[in-house]
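Residue 272 in the working numbering sits at position 221 of the sequence shown, with consecutive numbering throughout.
If you are wondering where the hints come from, they were derived from the structure by calculation, not from laboratory data. Values in this document were obtained by computation on a predicted structure and should not be read as measured data. Hints are supplied without guarantee of correctness; some may be wrong.
[Claimed, not checked] Below 20 Å or equal to it, Euclidean Cα-Cα: the simulated PhoX-like pairs (lysine-lysine) are:
#, residue 1, residue 2
1, Lys66, Lys145
2, Lys380, Lys412
3, Lys231, Lys242
4, Lys283, Lys380
5, Lys74, Lys242
6, Lys187, Lys145
7, Lys403, Lys421
8, Lys276, Lys242
9, Lys189, Lys65
10, Lys403, Lys380
11, Lys238, Lys74
12, Lys74, Lys145
13, Lys210, Lys65
14, Lys206, Lys74
15, Lys238, Lys66
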Amino acid sequence: MAKNHQHSKSEQIKKELHQAFDKLDRRFFISNIITCISVLLFVVLLLITIEEFQFLSSLAKYVFLFLGIASAASLFFWLRSRNKLDPFQVFYRKFAHSEHIEEINYFLDLEKDDLADPSLVNAALERNLSSIDFLKFKDRLDAYSESQYETQFFKTSLKFSVGLLVFFLITAFTFPEGTKRAFYIWKTFEKPNPYTFTVTPGDVTLEQGAPFSASINFENNQTPKTVSLFVKTSVEEDFRSLNMDPSPSGFISIPFNLYNHLEYYIEMDEFQSELYNASVQLRPRFSELTSIVNAPTYTGLDSSSQSYPFSLIRAYQGSEINLTGELNKDIDALDISSSSNSLDSSFVEQKKLFARFLVSKPDTISFSLKDGNGLQNKNPFQFIIEPIIDEHPIVELVEPSASFEMVQPKNLTL
Numbered sequence: 052m053a054k055n056h057q058h059s060k061s062e063q064i065k066k067e068l069h070q071a072f073d074k075l076d077r078r079f080f081i082s083n084i085i086t087c088i089s090v091l092l093f094v095v096l097l098l099i100t101i102e103e104f105q106f107l108s109s110l111a112k113y114v115f116l117f118l119g120i121a122s123a124a125s126l127f128f129w130l131r132s133r134n135k136l137d138p139f140q141v142f143y144r145k146f147a148h149s150e151h152i153e154e155i156n157y158f159l160d161l162e163k164d165d166l167a168d169p170s171l172v173n174a175a176l177e178r179n180l181s182s183i184d185f186l187k188f189k190d191r192l193d194a195y196s197e198s199q200y201e202t203q204f205f206k207t208s209l210k211f212s213v214g215l216l217v218f219f220l221i222t223a224f225t226f227p228e229g230t231k232r233a234f235y236i237w238k239t240f241e242k243p244n245p246y247t248f249t250v251t252p253g254d255v256t257l258e259q260g261a262p263f264s265a266s267i268n269f270e271n272n273q274t275p276k277t278v279s280l281f282v283k284t285s286v287e288e289d290f291r292s293l294n295m296d297p298s299p300s301g302f303i304s305i306p307f308n309l310y311n312h313l314e315y316y317i318e319m320d321e322f323q324s325e326l327y328n329a330s331v332q333l334r335p336r337f338s339e340l341t342s343i344v345n346a347p348t349y350t351g352l353d354s355s356s357q358s359y360p361f362s363l364i365r366a367y368q369g370s371e372i373n374l375t376g377e378l379n380k381d382i383d384a385l386d387i388s389s390s391s392n393s394l395d396s397s398f399v400e401q402k403k404l405f406a407r408f409l410v411s412k413p414d415t416i417s418f419s420l421k422d423g424n425g426l427q428n429k430n431p432f433q434f435i436i437e438p439i440i441d442e443h444p445i446v447e448l449v450e451p452s453a454s455f456e457m458v459q460p461k462n463l464t465l
């Protein structure tokens with residue numbers, strides 16, 4: 052019975068020692084993790100603060116985060132290598148020596164002795180174990196564990212991480228925009244433009260060779276110190292700067308003729324407008340125009356045709372004029388103006404114009420073409436229809452050649 056009690060007490064002491072040792076080991080490992088997370092959290096906190104005022108690029112944020120992760124990982128491995136926990140045997144020997152419980156060392160060493168007489172060993176174990184008060188031993192072991200570096204490091208790192216987390220939450224609520232921009236690490240945010248402005252003409256389509264000029268008007272009496280126009284044509288690789296002159300409500304650039312598609316924006320101090328496009332297009336026009344005149348059947352005349360340029364079409368009254376035209380581009384609107392309503396029908400199909408006119412009286416025909424970008428033919432083409440008035444038929448009697456009388460009426464040959 053005494054032997055069983057002795058064995059049970061021995062196992063309890065060893066169990067408590069192992070639990071204390073394992074607890075210190077866990078605390079040390081957790082402390083390292085908490086410390087590294089705290090370092091990373093501090094880096095994120097620093098990133099949020101800088102982002103709130105500086106608007107970092109996505110590359111800078113990636114570099115910042117990479118350095119934070121690298122620092123945390125390096126610190127973890129440094130702590131593990133620099134502050135290794137003592138082996139279990141060293142741990143319990145230090146504990147027994149510091150707490151003046153050398154009996155623990157004795158009985159644990161005796162248990163490992165396989166060469167001594169078992170009866171002598173058991174007697175020595177019983178004497179050492181009987182001198183150990185288990186409750187006092189447990190209290191001293193707990194106090195010893197709490198006084199160790201691993202426990203102190205654990206408590207300090209835990210307090211520091213909680214304080215840092217609270218400070219992080221305060222910063223996140225204080226700088227919500229900076230926090231949002233910092234967490235969108237793959238995006239680069241621009242500093243909000245403090246100026247309220249209107250850029251003219253914005254996105255625009257112009258005729259090739261037409262003059263182009265950009266202007267910017269500011270509101271609320273806020274005018275930047277420097278304003279420049281940056282342009283890049285379709286044949287250029289980089290934007291170039293053009294001066295803008297002051298105007299009553301803003302700035303305006305010097306006009307220049309535009310022959311290629313243009314991208315442009317306006318820079319004001321350290322801010323800039325959005326990117327605009329100036330597209331170059333040809334005005335809609337006729338590349339070919341042909342008229343075919345079909346005279347009335349009774350005249351026996353053949354059809355006649357003429358090609359542009361022409362300004363006058365002469366045809367007998369009752370004639371039919373068919374116009375066919377080739378357009379240089381697709382159009383959205385066609386307006387044929389007829390001063391005497393001689394237009395009979397018209398339509399456009401695949402950049403081809405077909406129109407028919409009935410000649411009855413003098414008429415002036417003009418065309419207005421408009422494409423999808425709002426460009427119109429610059430000089431509306433027009434021509435005049437001049438009807439030819441046909442002569443009335445004249446009948447001249449050949450037989451009989453003079454007046455005469457007939458006594459007996461009969462058929463008269465004329």
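Hints versus structure:
For the hint linking Lys66 to Lys145, the alpha-carbon distance of about 17 Å falls within 20 Å, and the restraint holds. For the given pair, Lys380 sits about 33 Å from Lys412 by alpha-carbon distance, which is inconsistent with the 20 Å threshold. The straight-line distance between the Cα atoms of Lys231 and Lys242 is roughly 14 Å, inside the 20 Å bound, and the hint therefore holds. Between Lys283 and Lys380 the alpha-carbon distance is near 26 Å, which puts this suggested pair outside the 20 Å criterion.
For the hint pairing Lys74 with Lys242, the CA-to-CA distance comes to about 51 Å; that exceeds 20 Å, so the pair is violated. Restraint check for Lys187 and Lys145: the C-alpha separation of about 17 Å stays at or below 20 Å, so the hint holds. With a C-alpha separation of about 14 Å, the suggested pair Lys403 and Lys421 falls inside the 20 Å cut-off, and the hint holds. Distance restraint check for Lys276 and Lys242: the Cα-Cα separation of roughly 18 Å lies within the 20 Å cut-off, and the hinted pair is therefore satisfied.
Proposed proximity of Lys189 and Lys65 is supported: the alpha carbons are some 11 Å apart, at most 20 Å. Between the alpha carbons of Lys403 and Lys380 the distance comes to roughly 10 Å, so the proposed pair stays at or under 20 Å and holds. With a CA separation close to 44 Å, the supplied pair Lys238 and Lys74 exceeds the 20 Å bound. Restraint check: the Cα-Cα separation between Lys74 and Lys145 comes to about 16 Å, which is no more than 20 Å; the hinted pair holds.
In summary, the hint linking Lys210 to Lys65 is not supported, as the alpha carbons are separated by about 32 Å, beyond the 20 Å threshold. Proposed proximity of Lys206 and Lys74 is supported: the alpha carbons are some 13 Å apart, at most 20 Å. Between Lys238 and Lys66 the CA atoms are separated by roughly 55 Å; this puts the pair beyond 20 Å, and the hint is violated.
Going through the hint list in order, the structure does not satisfy hints 2, 4, 5, 11, 13 and 15.
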